[in-house]
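J.: Let's have the full structure, built from the sequences with the hints guiding it.
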Amino acid sequence: MSEELDSQLSAMFDDELPPQECELLARRLSRDGELKARWGRYAVMGAVIRAERGVRLNAPLAHRVSAVLLAEPEFGASAAPLAPRRGGVRWWQPLAGGAVAAGVAAASILWLRTQVPVSGPMTAAAVPSAAAAQAIKVVGPGGADDAGAYVTPQAAPARAVLVPSTELANYVVAHSMFSTPVARRNLLSAFMTSEPATAGTEDPPDDAKVDVKADAH
Amino acid sequence: MSADVSDLSLVRRVQRGDKGAFDALVLKYQHKLVKLVMRYVRNPAEAEDIAQEAFIKAYRALPQFRGDSAFYTWLYRIAINTAKNAVVSRDRSPIEYDLDRNNSEESYDMQGRMKDAETPEGLVLTDEIRSTVNAAIDALPEDLRTAIVLRELEGLSYEEIAAAMDCPVGTVRSRIFRAREAIDRRLREVFEGGLGRAEELG
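So the protein lines, in turn, are chains A and B. Residue numbering for the first sequence is 62 to 278, as defined by this note's numbering. Residue numbering for the second sequence is 186 to 387, as defined by this note's numbering.
Hints in this document: simulated from the structure, not taken from any laboratory. Misleading hints may appear alongside valid ones.
Said to hold, decoys possible - If you only want the chain B side, here are some residues facing chain A, beta carbon under 7 angstroms, derived:
1. Q200
2. A206
3. R365
What the hints assert, rightly or not - Negatives, chain B to chain A, calculated, CB over 12 angstroms:
4. V272
5. S274
6. E327
7. A348
8. C352
Claimed, not checked - Restraint ranges, calculated between C-beta atoms of paired labels, are given here:
9. A:E65 with B:E327: 24 to 34 angstroms
10. A:E82 with B:R201: 17 to 27 angstroms
11. A:P79 with B:A230: 35 to 45 angstroms
12. A:E135 with B:S254: 17 to 27 angstroms
13. A:E82 with B:R251: 15 to 25 angstroms
14. B:S274 with A:G164: 50 to 60 angstroms
15. A:E135 with B:G355: 33 to 43 angstroms
16. B:A349 with A:W172: 35 to 45 angstroms
17. B:G202 with A:P80: 42 to 52 angstroms
18. B:S316 with A:Q81: 19 to 29 angstroms
19. B:A246 with A:W172: 46 to 56 angstroms
For glycine and all other residues, C-beta sits at the position ideal for the given N, C-alpha and C.
T.: This is how it looks when you write it as structure tokens:
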């Protein structure tokens, strides 16, 4: 038996071993007869030091208890107190499923928004700015027929790749029956605040939007 | 270090169906439990029977143990209730002696001899174990002896012992371990000589 293992056993006996190490050692202790015997002798030492005079130190109590427990049923995972109660699981399972669905939808929305600039036809490194991307064709010093001339693909407007706002909103609303009102509201508000065009600005009232359209005509 | 973490890890194993982990809990607490029960019954053999019953009750109730209290505390409550029920059912008066009032060495010796006298073999074996451990403790270097005594007799944590001995916690752990190793070398000879039965559990 290694000295480190014995040292751990001593510390575990005193409740001074870190929980992670305790878990591992408890597993070994329950199966290793030699380790268990040493553990038992540690208890005997303590009893002698505390002068527990009336107690028989060689009493086969542990052996007797172990023999009786052989006839006892083992506790399975279902009998463990940490297992959830049968009746308590079923009613919220659909809600949990809905919450998972809403979570996946939200994650998809956020992922789409964060991925667009990278997965688009041009990266930020290739196009220093949106204005530069508007330069459709760059002609080399030799004119249009110059072999050095190259064409910069037109950057697709970022908005064109995004899922339209109405579709996203419709998606969230269509799945709202599977989510709680609070989660739904949070989703929608997160969605609204993530709009690039309106980020940092307050939405105009509806009548103002009508006025803008009227002005355009 | 959080209290009761080692007991709890063993308890969780038992709850998952590992009976062997319960052996470790019995080995750890059997002497303390018998000592506790002996406040209620006179006979050591009867105290052992009650302690055994308490352990079995604890095992059966373990699925309901959530870990809100220390396993040690929970086990003691079961033992006390079992002992009280045993006393009532046998129409005996409990011995409500207070250990603090009867803590003279002479009193302990007298009580111990009277009880052990009923089991001569137990007296011999227990005396041999006790003398072996005491001799091993006497032979320990002072720093090791102080560490193990502060731990076992005073029940101090490693941190408290470190403060008392003005050394790091790691040193305390090492000293206690080395003290136990030194004692165990002698004690193992007694047990392996056929006098003890602890090995049988393996």
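J.: Confirm or reject each hint.
T.: For each hint, the structure was consulted:
1. Q200: Status holds, d = 5 angstroms.
2. A206: holds (4 angstroms)
3. R365: With Cβ-Cβ at 5 angstroms, under 7 angstroms, it holds.
4. V272: holds (17 angstroms)
5. S274: Check passes; 20 angstroms lies beyond 12 angstroms.
6. E327: Holds, because the least Cβ-Cβ distance between E327 (chain B) and chain A comes to about 15 angstroms, which exceeds 12 angstroms.
7. A348: holds (14 angstroms)
8. C352: holds (15 angstroms)
9. A:E65 with B:E327: 24 to 34 angstroms: Because 25 angstroms falls inside the window, the suggested range holds.
10. A:E82 with B:R201: 17 to 27 angstroms: At roughly 18 angstroms between Cβ atoms, R201 (chain B) and E82 (chain A) fall inside 17 to 27 angstroms, so the hint holds.
11. A:P79 with B:A230: 35 to 45 angstroms: holds (40 angstroms)
12. A:E135 with B:S254: 17 to 27 angstroms: holds (24 angstroms)
13. A:E82 with B:R251: 15 to 25 angstroms: Hint holds: Cβ distance 23 angstroms, inside 15 to 25 angstroms.
14. B:S274 with A:G164: 50 to 60 angstroms: holds (59 angstroms)
15. A:E135 with B:G355: 33 to 43 angstroms: Since the Cβ atoms of E135 (chain A) and G355 (chain B) sit about 38 angstroms apart, the hinted range of 33 to 43 angstroms holds.
16. B:A349 with A:W172: 35 to 45 angstroms: violated (58 angstroms)
17. B:G202 with A:P80: 42 to 52 angstroms: violated (21 angstroms)
18. B:S316 with A:Q81: 19 to 29 angstroms: violated (39 angstroms)
19. B:A246 with A:W172: 46 to 56 angstroms: Holds: the Cβ-Cβ distance is about 50 angstroms, inside 46 to 56 angstroms.
Violated hints, listed in ascending order, are 16, 17 and 18; each of the other numbered hints is respected by the structure.
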